[in-house]
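Residues in the sequence shown are numbered from 1 upward in steps of one, following the numbering used here.
One or more hints might be untrue.
Said to hold, decoys possible - Label pairs and their computed distance ranges (CB to CB):
(1) Gly74 - Ser97: 19 to 25 Å
(2) Val45 - Asn96: 20 to 26 Å
(3) Gly22 - Ala82: 17 to 23 Å
(4) Val6 - Gly26: 27 to 33 Å
What the hints contain is simulated information worked out from the structure, not anything from laboratory work.
Even glycine gets a Cβ: it sits at the ideal position worked out from N, Cα and C.
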Amino acid sequence: MVVAGVLKLIGSGLEFFLGIPGFGGGLILTLLWTPLLFMLIYHIVTLVLSKKRNAPVWGPVVGIVASTLGVIPGLGMVLHWAAFICLLVDGILSLNSKKKASEVTA
């Protein structure tokens with residue numbers, strides 16, 4: 001569960017940069033939408049790892065939606081913001097649940 005939580009937090013940081021007005025859109029356009037493809041694959045990997053460890057999956061799902069609909073300029077920016085917030089909260093909750101589980105067994 002720690003791996004899934006850390007991947008969610010890293011993904012939230014990447015989504016933060018993609019959601020910055022001007023910078024994120026410019027980066028995506030300059031690299032011919034490659035960052036969106038990378039993030040789609042990244043979120044799918046995070047989703048699979050989360051499912052294997054019975055961690056919540058709503059953060060990666062929002063990230064997948066943001067990566068697929070991110071080609072629409074205004075909507076993409078808002079979706080990257082939503083993915084950032086969801087992944088951040090999901091990652092923190094995943095890491096906290098791991099911490100609480102280890103306290104119970106100790």
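Going through the hints against the structure:
Checked against the hint of 19 to 25 Å, the C-beta distance between Gly74 and Ser97 comes to roughly 35 Å, which is inconsistent with it. Remark: the range hint 20 to 26 Å for Val45 to Asn96 is upheld by a beta-carbon distance near 22 Å. In this structure, Gly22 and Ala82 meet the distance hint of 17 to 23 Å, their C-beta atoms being roughly 19 Å apart. In this structure, Val6 and Gly26 meet the distance hint of 27 to 33 Å, their C-beta atoms being roughly 28 Å apart.
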